[in-house]
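K.L.:
Now for the letters of each chain:
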Amino acid sequence: MGRLTVTRLTWQIGEVTDIVQETPKVATLTIEVPAWSGHLAGQHVDVRLTTDDGYQTQRSYSIASPPEEARLALTVERLEDGEVSPYLVGELRPKDSLELRGPIGGFFVWRAGDPRPLLLIAGGSGIVPLMAMIRHRAAVEDHTPVRLLYSSRAFEDVIYREELERLAAADRTLTVAQTLTRSQPAGWTGYARRLDRAMMDEVAWPAQEGPQVFICGPTSFVEAAAGLLVDHGYDPRWIKTERFGATGG
Amino acid sequence: MAFISRGFRGKRRDAASSSRVPPGQHVVGDFPVLSAGPTPRPDLAKWSFTINGEVDAPKTWSWDELRKLPAEDITVDIHCVTKWSKLDTSWKGVSIDTLMEGVDTAAEYVVAFSDGGYTTNMPLDEITGHKAWVAYEYDAQPLHPEHGGPARLLVPHLYLWKSAKWVRGITLKNEDEPGFWESNGYNNHGDPWREERYWGD
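If you read the sequences in order, they're chains A and B. Quick note, the first sequence lines up with residues 974 to 1222 if you use this note's numbering. Quick note, the second sequence lines up with residues 141 to 341 if you use this note's numbering.
Here chain A stands alone, though its shape is the one from the complex (with noise of 0.2 Å):
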């Protein structure tokens, strides 16, 4: 189990271990970090990139490996202009090593233990920090009831496609709902649209449950999930929010 440091964060070297492609655009990076101090499922990382002539930039990723992993992974989308994250999704590789400081981020956090109902609201990549509450809950074999509402584009931009299937598939607690925005295979059975005030309806836990909410996206998702489920009834309390632009580099 992880906890907040009061100490500084300082940056440490870890060392690539593996590189998954999960998506055309999306790579997991697991890393192999000697002194980690542990995390919570929703925290995230610095990450540091220096060149041989001393310039450094920094971005922050959310950490997608659930506590209970010994080996931190960060999920990680390519953005063409960006500047650190094509060099991590496309230059990166195993065994190199590669400057990071965390956990970070005290507030978008979920402990296994919490009775509340949980609803999980998914953007793009913004399933990371979620990914990272599901696995935790799985790894200690939590119940309580979870529901997440994950929108992607098009089915090949689905990360995390066939673990989700496996974990919905053992786990009659956890269900996922999905929508596909712009295209759909044959045979989709999903939602095929933007996240709407129907589609929210029917996903999201009676405003009587008290259910606990974490939405991850770009912003005008999380804006329109958070404004839907206030008019649903729920405490604005209840709902924790990260985002990310298009800046995330």
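I should point out that these hints are in silico values taken from the structure, not numbers from a laboratory. Check each hint, because a few of them may be wrong.
[To be verified] Here are a few chain A residues that face chain B, going by a calculated C-beta distance under 8 Å: (1) 991; (2) 1064; (3) 1072.
[Stated by the list, open to error] Only pairs whose alpha carbons sit at most 27 Å apart, straight line, appear in this in silico DSSO-like list of lysine-lysine: (4) B:226 with A:1213; (5) A:1068 with B:151; (6) B:186 with B:232; (7) B:208 with B:186; (8) B:232 with B:208; (9) B:151 with A:998; (10) B:151 with B:199; (11) B:226 with B:271; (12) B:199 with B:271; (13) A:1213 with B:186; (14) A:1068 with A:998; (15) B:208 with B:151.
Ideal Cβ placement from N, Cα and C applies to all residues, glycine included.
Let chain A serve as the given structure and place chain B on it in line with the hints.
P.N.:
Relative to chain A, chain B alone:
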């Protein structure tokens, strides 16, 4: 020997903007949105801005009263702890100095508070002396709710989480009291030039 990221070339910045960008930050052209929960929907007819706490008589302004106070045009660079900086942003708002006129207090700290329950703490002398404003226009337009409208605090010399969105007032305090992000892993002070991002920085 210092660490080098094998194969990383980086996008170089021109020297002029480099001197304006704090360590670990990069310049963006758009205006990213970050907030911890849903965007509040306040009713301007019931909106107010209040200075309370360690003060003999709390002061409160309605929306219309705030808008009638002398306002300033402000052009500043802003720096978010999530690594983006935006240069030459233009705002309109009321200086905290204007709001503090006639307020007699021995308090040395403030906690700004917002619709939705957000709080952030600062030393009082870091928001007075022409260093902070209650801003209600951005780029000559009413401040968009996503960016903190109807009004947000603007404290450009600190990381942007100190510039509380949807601000409704400040509480004067004798003791420093960590706010929302300051209690959730982020630095109590938040000076971007000293890269005070997190606890212990």
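K.L.:
All the hints need checking, so say for each whether the structure fits it.
P.N.:
The hints, checked one at a time:
{"no.": "1", "hint": "991", "verdict": "violated (17 Å)"}
{"no.": "2", "hint": "1064", "verdict": "holds (5 Å)"}
{"no.": "3", "hint": "1072", "verdict": "holds (5 Å)"}
{"no.": "4", "hint": "B:226 with A:1213", "verdict": "holds (25 Å)"}
{"no.": "5", "hint": "A:1068 with B:151", "verdict": "holds (24 Å)"}
{"no.": "6", "hint": "B:186 with B:232", "verdict": "holds (22 Å)"}
{"no.": "7", "hint": "B:208 with B:186", "verdict": "holds (17 Å)"}
{"no.": "8", "hint": "B:232 with B:208", "verdict": "holds (13 Å)"}
{"no.": "9", "hint": "B:151 with A:998", "verdict": "holds (20 Å)"}
{"no.": "10", "hint": "B:151 with B:199", "verdict": "violated (49 Å)"}
{"no.": "11", "hint": "B:226 with B:271", "verdict": "holds (18 Å)"}
{"no.": "12", "hint": "B:199 with B:271", "verdict": "holds (20 Å)"}
{"no.": "13", "hint": "A:1213 with B:186", "verdict": "holds (26 Å)"}
{"no.": "14", "hint": "A:1068 with A:998", "verdict": "holds (21 Å)"}
{"no.": "15", "hint": "B:208 with B:151", "verdict": "violated (46 Å)"}
When the structure is compared with the earlier hints, violations turn up for hints 1, 10, 15 and for no others.
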